[in-house]
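**Q** Each chain is listed here by its residues.
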Amino acid sequence: MLKFIIKRILVAIPTLLILISISFILVHSAPGSPFTDDRDISPAVMKNIEAKYHLDRPLYVQYVYYLKDVVTWDFGPSFKYKDFSINELVNASFGVSVKIGFWAFVLAMGIGVSCGIVGALNQNTKIDYAVMSFAMVGVAIPNFVLGPILVVLFAIYFKVLPAGGWNGGSIEYVILPVIAMSFRYIASIARIMRASMIEVLNSNFIRTAKAKGMANSYIILHHALRPSILPVVSYMGPAFVGIVTGSVVIETIFGLPGIGQLFVNGALNRDYNMVLTLTIIVGGLMILFNTIVDILYVVIDPKIKY
Amino acid sequence: MIGTISRDEENKEVLMDLELESRSLFQDAKVRFLKNKAAVFSLVVVAVIVLMVLFGQSLSVYSYEDIDWDNMLVGPSFETGHYFGTDDLGRDIFVRTLQGGKISLMVGIMGALVAVFIGVIYGATAGFIGGRTDNIMMRFVDILASFPFMFFVILLVTFFGRNIGFIFVAIGMVSWLDIARIVRGQTLGLKEKEFIEAAHVSGTSNAKIVRKHIIPNVIGIVVVYATLLIPNMIIFESFLSFLGLGVQEPDTSWGALVNEGSKVMDIAFWQLIYPGLFLVVTLFCFNFVGDGLRDALDPKDR
Numbered sequence: 214m215l216k217f218i219i220k221r222i223l224v225a226i227p228t229l230l231i232l233i234s235i236s237f238i239l240v241h242s243a244p245g246s247p248f249t250d251d252r253d254i255s256p257a258v259m260k261n262i263e264a265k266y267h268l269d270r271p272l273y274v275q276y277v278y279y280l281k282d283v284v285t286w287d288f289g290p291s292f293k294y295k296d297f298s299i300n301e302l303v304n305a306s307f308g309v310s311v312k313i314g315f316w317a318f319v320l321a322m323g324i325g326v327s328c329g330i331v332g333a334l335n336q337n338t339k340i341d342y343a344v345m346s347f348a349m350v351g352v353a354i355p356n357f358v359l360g361p362i363l364v365v366l367f368a369i370y371f372k373v374l375p376a377g378g379w380n381g382g383s384i385e386y387v388i389l390p391v392i393a394m395s396f397r398y399i400a401s402i403a404r405i406m407r408a409s410m411i412e413v414l415n416s417n418f419i420r421t422a423k424a425k426g427m428a429n430s431y432i433i434l435h436h437a438l439r440p441s442i443l444p445v446v447s448y449m450g451p452a453f454v455g456i457v458t459g460s461v462v463i464e465t466i467f468g469l470p471g472i473g474q475l476f477v478n479g480a481l482n483r484d485y486n487m488v489l490t491l492t493i494i495v496g497g498l499m500i501l502f503n504t505i506v507d508i509l510y511v512v513i514d515p516k517i518k519y
Numbered sequence: 143m144i145g146t147i148s149r150d151e152e153n154k155e156v157l158m159d160l161e162l163e164s165r166s167l168f169q170d171a172k173v174r175f176l177k178n179k180a181a182v183f184s185l186v187v188v189a190v191i192v193l194m195v196l197f198g199q200s201l202s203v204y205s206y207e208d209i210d211w212d213n214m215l216v217g218p219s220f221e222t223g224h225y226f227g228t229d230d231l232g233r234d235i236f237v238r239t240l241q242g243g244k245i246s247l248m249v250g251i252m253g254a255l256v257a258v259f260i261g262v263i264y265g266a267t268a269g270f271i272g273g274r275t276d277n278i279m280m281r282f283v284d285i286l287a288s289f290p291f292m293f294f295v296i297l298l299v300t301f302f303g304r305n306i307g308f309i310f311v312a313i314g315m316v317s318w319l320d321i322a323r324i325v326r327g328q329t330l331g332l333k334e335k336e337f338i339e340a341a342h343v344s345g346t347s348n349a350k351i352v353r354k355h356i357i358p359n360v361i362g363i364v365v366v367y368a369t370l371l372i373p374n375m376i377i378f379e380s381f382l383s384f385l386g387l388g389v390q391e392p393d394t395s396w397g398a399l400v401n402e403g404s405k406v407m408d409i410a411f412w413q414l415i416y417p418g419l420f421l422v423v424t425l426f427c428f429n430f431v432g433d434g435l436r437d438a439l440d441p442k443d444r
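Each protein sequence line maps, in turn, to chains A and B. First residue of the first sequence: 214, per the numbering used here; consecutive thereafter. First residue of the second sequence: 143, per the numbering used here; consecutive thereafter.
Please keep in mind that the hints were generated in silico from the structure rather than gathered at the bench. Just so it is clear, CB atoms sit at the ideal spot from N, CA and C, and this is done for glycine as well. Treat the hints with care, as some may be off.
[As the list claims (entries may be wrong)] Covered stretches of chain A (in silico footprint by chain B; criterion: 3 or more residues with CB under 8 angstroms from a CB of chain B, positions within the stretch not fixed):
1) 299–313
2) 345–357
3) 407–416
4) 466–473
5) 493–504
[What the hints assert, rightly or not] Which chain A residues stay away from chain B? Per the calculated CB distances, all over 12 angstroms, these:
6) Thr-228
7) Val-240
8) Asp-269
With these hints in hand, go ahead and build the complete structure from the sequences.
**A** If you want it as structure tokens, here you go:
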């Protein structure tokens, strides 16, 4: 077991390096420099600037400098918000994204898994059909359509929740973004959970347990749940990636001051440094999460023994 | 003599009977697909939407760039000829929805084609060569799979400008991983079959075996996954356009229209609802068709 975990973590490191390298190469093959400006800068000043950011050195030296910056978590200044460093901006908005993303993930897992179990236990009844139609619809509605519809319904029509904004993260400002973000994943997880639960419930060891006269609830909790949750666990990686990516759109719709918003504004304003930094941070998070999911899978799967 | 002939005829009849009984995989799949009411209905809806997108613009007197100065931000009405209403610039939403559909569907299909092209070649090569090369090639796919792709595409768009042709390629480039994995798995199984061995024995080159024997045999399953890729591609493009990083004015796509609509939804709900409806229905139907095809072609679920 320990050997697998160490091996898995070792694989994550080159992945991270490749991510940083590709991003770095992309940024440096882009036309123009961040300091190209409408105003002419005198060559002497330009030389000073280039020296400060090591732009006058060969590319591999710049790469080493950049790696050092990433390791020491110093991403330099933002090109758009002149008086702030990237670190300050990211620190200010990270909490917002984490809060929304965390609740969206918890909601997707909790409701998705329970809906799937309920559907599987009541297979081919009205309850099951309700769960399945919800899952079909949920998968097809993109978050950027659902978000505005939720706003129209709950903020404009019923006037029960605010249409957007953050307000320090008080609960009524969090509800709609979290629902818009997690809806699709609730649906997918319900679908996956239902299918695998049905398969497990039809397998021999469950029949044996039933034949021994065990209580139904005991069978489901102690025998069926663990093997049937495995496909959901392997879907956790893509779901996490989807939720993090979705934050870009959700934060734009609801005007939340998070990482996604920062990223879109960076992209629209060609704030190279910001976009590069956030790609690396988010990519690093995703690689980390995928590693954790892989390890979790091995821990849960009763068939894999070490 | 006569006896032999009649026995031959009898044999022929028996053979014909056998032929009638054994249908090819695709005929079988067709029967199963046609039995799936939801999938067939979805296919019809997709066909209608495609026809509307291609030819529907001639139903309206307006073009997607035209500005109707007398009817700005008016609701749907047949009298003005704006079936779905107009936006704040007086452009017809009906025509713009169809024009947006053209872009969205084109991105979906072209993106899927690029993904299939790269994925099939990559997967077939990895699976066919096998061993260490396969290991390295698939490790590379694993590494790419844990990349933050949306962020990456936005990074590309930021640096190289917002160009619709570029979006096709970018989307296709990042979506071939699943196809490569599937094709590689299939190839590993096919490689051991006798007919491949026979091809080896008769001196066929490796490249030709991959081209002539492996790829035609995996294309069925690839088509299924390509159908399921199309809605993902459409979401992908709409996502970028929604953020303002995709297609640029005056051209449009469903994502861009939904974005415009969401800004004025409190006063002009039609501007959000029609493009949104077209988008959701298309995605829904493509998913159904893809699922139906998969169930029809996958012998496991017979």
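**Q** Please go over all the hints and tell whether each is borne out by the structure.
**A** Going through the hints against the structure:
A count of 0 residues in the stretch 299–313 of chain A with a Cβ less than 8 angstroms from any Cβ of chain B is obtained; the coverage claim is therefore unmet, three being the minimum. With 7 residues having a beta carbon nearer than 8 angstroms to a beta carbon of chain B, the stretch 345–357 of chain A meets the requirement of three or more and the stated coverage holds. With a cut-off of 8 angstroms between beta carbons, the stretch 407–416 of chain A has 0 residues touching chain B; three or more are needed, and the interface restraint is violated. Here's how the stretch 466–473 of chain A fares: 1 of its residues keep a CB closer than 8 angstroms to some CB of chain B, so the rule of at least three is not met and the hint is violated.
Given a C-beta distance limit of less than 8 angstroms, the hint that chain B covers the stretch 493–504 of chain A holds, as 5 residues qualify and 3 suffice. Residue-level check failed: Thr-228 of chain A sits 5 angstroms from the nearest beta carbon of chain B, not beyond 12 angstroms. In this structure Val-240 of chain A is not separated from chain B by more than 12 angstroms, as the shortest Cβ-Cβ distance comes to only about 7 angstroms. Interface exclusion of Asp-269 of chain A from chain B stands, the closest Cβ pair being 21 angstroms apart, more than 12 angstroms.
In the structure shown, a violation is registered for the earlier hints numbered 1, 3, 4, 6, 7, in ascending order.
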